[in-house]
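Novice: Each chain, written out:
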Amino acid sequence: MFHAKPARLPFSMLYCALFVGVVLGAVGLPANSRSGQPAPAEDLDGKPADPFALSGRRVIVLLFVRTDCPISNRYAPLLQKLSEKFRGKADFWLVYPDREQTASQIRAHLKDFHYSIPALRDTRHALVKRAQATITPEAAVFDPAGRPVYHGRIDNWYADFGRSRPAPTTHELDDAISAALGGKTVTPDHANPIGCYISDLK
Amino acid sequence: MKQTAAEPRPPLSSLALILAVVFLFVVASAGLSQSSKPVPEKSPPVTFARDIAPLVFRSCSSCHHAGEAGPFPLVTYGDVKSHARQIADVTRKRLMPPWLPSAEGLRFAEDTHLSEQDIALFQKWVDVGMPEGNPSETPPAPKFTSGWQLGKPDLVLHAETPFTIPVSGSDVYWNFIFRSPVNSSRFVKAIEIHPGDKRLVHHANLLVDRTQSARRQEKSPGSGFAGMELQLESESFDPDGHFLFWKPGSPPIVEPPGFALRLDPDNDLVLNAHLQPSGKPESVQPTIGIYFTDQSATSFPVLLQIENDRALDIPAGEKNFIVSDEFTLPESVHLLALYPHAHYLCREMRALARFPDRTEKTLIHIPRWDLNWQAVFRLAQPESLPRGTTIVMRYRYDNSDDNVANPNHPPQRVTAGNRAVDEMAHLWLQVLPEVQPTQERDPRMVLQERLARHHIENNPADFEAHYNLAAMLQARGALEESVQQYQAALDLRPGDATVENALGAALLSLGKIPQAVKHLYAAIAARPEYFDARYNLGIALANAGEFARAAQEFAEATRLKPEDSGAEANLGAALAELGENQKAIAHFLRALQLDPQNKLARENLDALQKTP
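Chains A and B, in that order, give the protein sequences. Under our numbering, think of the first position of the first sequence as 1, with each following residue one higher. Under our numbering, think of the first position of the second sequence as 203, with each following residue one higher.
These are computed hints drawn from the structure, not numbers from a lab. Each residue gets a CB set at the ideal place from its N, CA and C atoms; glycine is no exception. The hints are all genuine.
Listed next, the in silico SDA-like pairs over lysine to any residue satisfying Cα-Cα at most 25 Å (straight line):
#1 B/812 with B/768
#2 B/326 with A/162
#3 B/482 with A/161
#4 B/482 with A/114
#5 B/295 with A/134
#6 B/421 with B/368
#7 B/400 with A/194
#8 A/85 with B/480
#9 B/400 with B/575
#10 A/111 with B/399
#11 B/295 with A/191
#12 A/81 with B/368
#13 B/400 with B/343
#14 B/563 with B/596
#15 A/81 with B/479
#16 B/354 with B/463
#17 B/482 with A/44
#18 A/111 with A/100
#19 B/400 with A/159
#20 B/400 with B/349
#21 A/111 with B/269
#22 B/421 with B/487
#23 B/482 with A/194
#24 A/81 with B/366
#25 A/81 with A/171
#26 A/89 with A/178
Each pair of labels, with its calculated beta carbon distance range:
#27 A/46 with B/297: 35 to 43 Å
#28 A/112 with B/797: 52 to 60 Å
#29 B/641 with A/163: 49 to 57 Å
#30 A/170 with B/467: 53 to 61 Å
#31 B/330 with A/187: 33 to 41 Å
#32 B/339 with A/112: 38 to 46 Å
#33 B/318 with A/163: 19 to 27 Å
#34 A/116 with B/630: 45 to 53 Å
#35 A/112 with B/519: 35 to 43 Å
#36 B/563 with A/187: 51 to 59 Å
#37 B/336 with A/170: 44 to 52 Å
#38 A/145 with B/341: 49 to 57 Å
#39 B/350 with A/81: 35 to 43 Å
#40 B/339 with A/170: 44 to 52 Å
Isolated chain A (complex conformation):
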């Protein structure tokens, strides 16, 4: 839990400033407003990592997941398949927003679920805010200019907790990536996901 880590206390002012910067980014200020700021996330070796800087000017897909969210886990084969379908065109990143989930737990999770998508820990929820993600699993798609074009559910497999269709009948994430790659407007730009609340993690 957040309050169980008093070591964070001395940095609280810096932490707040960062929040504001990200909030500004999310309301549509130019993407370069983040320049000079610390990287929003970290990789599994604990090194600062910014998927936007690392991916350059390509379509970026952030996939918010948790190791212990069953709905997020049931999507693993599909997410892996989508990343393969768009390999070389769109960059996929798994984003773990749970501060409690360690790099080694995440490594084990990647192995168990046969993920080969690179993973990031978003302990400060900078990517969560930038993507306006609220749920795991949730996807966010950014165009090559780093502008958000879609965030929300992967498809309509789940209608509610414990209420899933035998198979999805709409494919919002797949459609959004295809549209972004084709330079087309993504509609809808949001669809409510079903899963575990990221806000419960704070």
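With chain A fixed as given, assemble chain B onto it according to the hints.
Specialist: Frame of chain A, contents of chain B only:
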């Protein structure tokens, strides 16, 4: 934090920035203060310790603890806080705890449903920031034992072959056979089912297969087989009166004294499991623990299946399709449990009792059916249903795209069947007849016979009903009508080995030997390894004076079941008729070795040995 992403304000003033910083700082420090500062003097209106923990311990923790089906634990304050909004959401929508019946019907054991007040408490707790309150007020957390809940079983059985669940896709149904677990007849007071990883198994039903009929569905012995619904055969009127059902979080049931389940040698147990892919490769290999009792059964409950599958012909897109059935009890019974069953299109279920005085009482009402949470509902108190009470079943189906569980997209016309894409309209009742069975009259038989006739009225093409009615008629000596009913079953499934054999046996009892021989040969043609049919054919041929052919069939029967003393004795008798006395004596001796009480072998042996 979404609320801080306010309207864009291009002329961003330093004041706004400062306010934002202050606001966030307050939020951050409030979070930090919870662990370091003492609880405020004025206690919050809703706290975990006082209000939430008792609800969670009663209705959530039994599944949500380590090793159980719940995907995350809900035992400590931290556990619950880290899923608080989700809990508030799923309880408000009544998705959790997964309890299907509304308050309208009877009271059931293991009722985990939350009251409106309970649900409001969760909402309020989230609204006030999920305070823990005074930890000393937290009631003790429930204690969970891992492993066998009923202690060490007398017999532990493992499925022979694990089943590998696909990583993705829709739910799968798999059947595991536990082969002849006992080698002498035993009474069972409890069976504890360990289906494997409980996160993967939605529910499981264990059935007693008295004739090893499920084995015929396996590709190779021990492989198990796919299938959502199981159909088993029984060679005598021996209704299984027990639900052996597993669902997450339910404790294993110990039958009350006298309600033991009989298990005979050669009986198999078949576990029908509903499994759900998790996203990664998984396999399950169920284990079951059996607890014996020395006390034999003295109370004989019976399972009654009310159904109207024939009425299931649901047009594509139909949102409000009603299937109903009414069955009037010919015996007074105590209702012990209910097991409503349908597949994915069913939305609402209702069952009621209309008493002889025309008053009605709802037995169960399920306002939102969900196959995933199907269960056996055991009554908190038995309900008395006097003779003449009508059980009314009324189910509603939605075959439109509005029904997210619809297996067809776009919707298709759906009829009854065993596959997940087919439908069902079943209501099982576990009842205990008021009077005990006697040699002359078994109330279970009266109930089942009336029910079979009712099924045939509903659906003249009901194969099982014709077959079961015929078997009951045969058992109580009504042979002429039994033959008619077997014939009706055979017309529905020409060449079915089981029916051909039963019809042959009934004709044999009637003394119609040539007709019996014809049907018994047909049974063997359909299933050459069919012991019962070989045995019956041997008897029929011997009755026709064809002892050489009879001896051939009995010899084949002893090959199929070398430990059957009856086949050995009959083989001996046929050989004796053929004058092969030395061979006959060997078979009589073998029969007596297998069963010293074998009368036929004893008498024949005595007669032969007296012959000079």
